[in-house]
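Chains as they are written, first to last, in this note's numbering: chain H, 1132 to 1380; chain G, 1333 to 1679.
None of these hints come from the bench; they were simulated from the model.
Hints are supplied without guarantee of correctness; some may be wrong.
Below, a list of computed lysine to aspartate or glutamate pairs in the DMTMM-like style, where the Cα atoms sit at most 20 Å apart [as the list claims (entries may be wrong)]:
no.: 1; chain 1: G; residue 1: 1466; chain 2: H; residue 2: 1196
no.: 2; chain 1: G; residue 1: 1594; chain 2: H; residue 2: 1164
no.: 3; chain 1: G; residue 1: 1538; chain 2: G; residue 2: 1675
no.: 4; chain 1: H; residue 1: 1365; chain 2: H; residue 2: 1230
no.: 5; chain 1: G; residue 1: 1466; chain 2: H; residue 2: 1258
no.: 6; chain 1: G; residue 1: 1594; chain 2: H; residue 2: 1161
no.: 7; chain 1: H; residue 1: 1351; chain 2: G; residue 2: 1675
no.: 8; chain 1: G; residue 1: 1620; chain 2: H; residue 2: 1290
no.: 9; chain 1: H; residue 1: 1287; chain 2: G; residue 2: 1661
no.: 10; chain 1: H; residue 1: 1351; chain 2: G; residue 2: 1661
no.: 11; chain 1: H; residue 1: 1303; chain 2: G; residue 2: 1602
no.: 12; chain 1: G; residue 1: 1621; chain 2: H; residue 2: 1343
no.: 13; chain 1: H; residue 1: 1274; chain 2: H; residue 2: 1177
So the chains spell out like this:
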Amino acid sequence: MSKPRIAIFDFACCEGCQLQIVNLEEELLDLIDAVDVVEWREAMSEQSHEYDIAIIEGSITRPEDEKRIEVIRSRAKILIALGACATIGGVNKLKNNFDLADVKKCVYGKSADMPHLDTALTKALDEVVKVDYKIHGCPIDRKEFTYIVRSLLMGKTPDIPLYPVCVECKAKGNPCLWDEGQVCLGPIIRAGCGARCPSFGFRCFGCRGYVDNPNVNAAKDIIEKYGLTTDVLKSKMLLFGSMQEPTNA
Amino acid sequence: MTIKKISKDAFGKFVDGLIKQQKVMGPCAKGDRFEFEQLDSSSQLRLDYDVTLRPPNRKYFLPPVETLLTCEVGGGYQSVYDDTEFVLLGIHPYDLAALNQMDQIFSRDNYDTHYMKRRLAATIIACDVVTPSKDVFAASMGTATAEAGFDVLLTDIGDSYLMETGSPKGEKLIEKAQGAVDAAAGDLEKRKNIWKENQGRLSKHKLNCSSSYLPKLLEKAYSHPVWEEKAKTCFSCGSCNQVCPTCYCFNVQDDVSWDFTKGTRQRAWDGCLLDGFTKVAGEHEFRKKREDRFRHRLYRKGKYVPEKLGTKTPACVGCGRCVSACLPDIANPVNIYNRLIDDLGLE
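Please model the complete structure; the sequences and the hints are all you need to start from.
Okay, structure coming up:
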């Protein structure tokens, strides 16, 4: 059996999720033994148009990006979104809360009107092309990444949690951060990180995106119970949850 | 059965002696909360704890994640067991009731060797509650005090503990307790009063029927509007499941090595409130609605498990952890059962 060909591409991102792959260290050798990596700008010079699996980091922020991702999609049998920018738009979606002309001016100053600096509303990959699998997180979890890749190589659907972070937080025996006055997004954010931030005393910021069916009514209820306002909750969701269904916060 | 009295100082020395011989797990402070941890010294022990974050019976006998087996292409499989001897010290009567119930679940129909090996290697020192937690309702569930199921039962009577043995294992254990003397009639009287008081103190929520009536109550409650009403604000976060001492559902997952020649099988806590809990082959899901999953937990606790085991005790022991853990305040079993009693009446 020939090894599956994998290509790794990036769009608007910090490349931190690819760095997590590089940081697999010894396990990286196992990975490249199991697959044939044909293109990966961050780690090698070779390029290829022939691949079975495309792994994409980053979100889509320009019209030319849309064209490029469509071409990649047409060449790949399986397309995997890697990390929060690709799966939910990530921090890049903050931009969508503002007027684009103001955003450009703020970032590029006098050069804002140069044509090569043109920008559009940020989109997650699945707002442009069909995405087969999502590896969530900012950054991704290395163990989850390797588990998902191994599952796909075996032709098995990887088990990605449908349930929220509270499940993993409670299993770890963490006290609830809501009881300590923090506005933690754990109850509505997809698990799989092992409740990493709450385990160190930091509220969940929501980098893995909402669960498939978050209960917005319940969120409104606890806002009242803890004497908060909707604006406070929205502000906590802003970093990773901007302008997203189902809250559109 | 032996009942000894031991001063708190002497008890501390006894525990320090045990720690030298085997692992001892006991309640320790974790911030302003409590959690069972392995003790390095008796000074960490907080037998005045109210309730622990995780139920000790699940933490130690059905851990959050465990490896069940490893396998190799051409090499068959090897089950992975842990039968290291240890002492579980300070488990409250309600958690003890949950432990005894779980022992039945894991030994009856399908004998679960992974669970039972750990269980048989353990010595259980229960402890009567000193400080009631804010949501405990063990009195309503008949678990405020313990009559059996322990190797040793401790009761704090002020400057000393009473130690009652409940098994030959317990007898053998307290032989090592230097300075323990036979309890006097007055000590037993004190203990009797504590038990009586605890029936009142461990009653922060009060069930308006006998707990043995719950199966009958639920027989006529399946279509009651309470399930949908409560589930409207349910996150389906499974916190109520995760902190429950009687929830025992688990999910099994396999993983393989990079060269696909070796594998491991693990099981991890699961919960019936979670989206996807009932998902089966072909993507079919038979409790897809939030309210169906919400109802299921209350039926497990009040009807299905007691009926399966043929016991009068429900599968809710009144620890109150779910009440405290539920952010939208909908998990309290007493509130729901009382609501059903109000609407459907007692027969």
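Fill in: Violations among the numbered hints, reported as their numbers in ascending order
1, 5, 7, 9, 13
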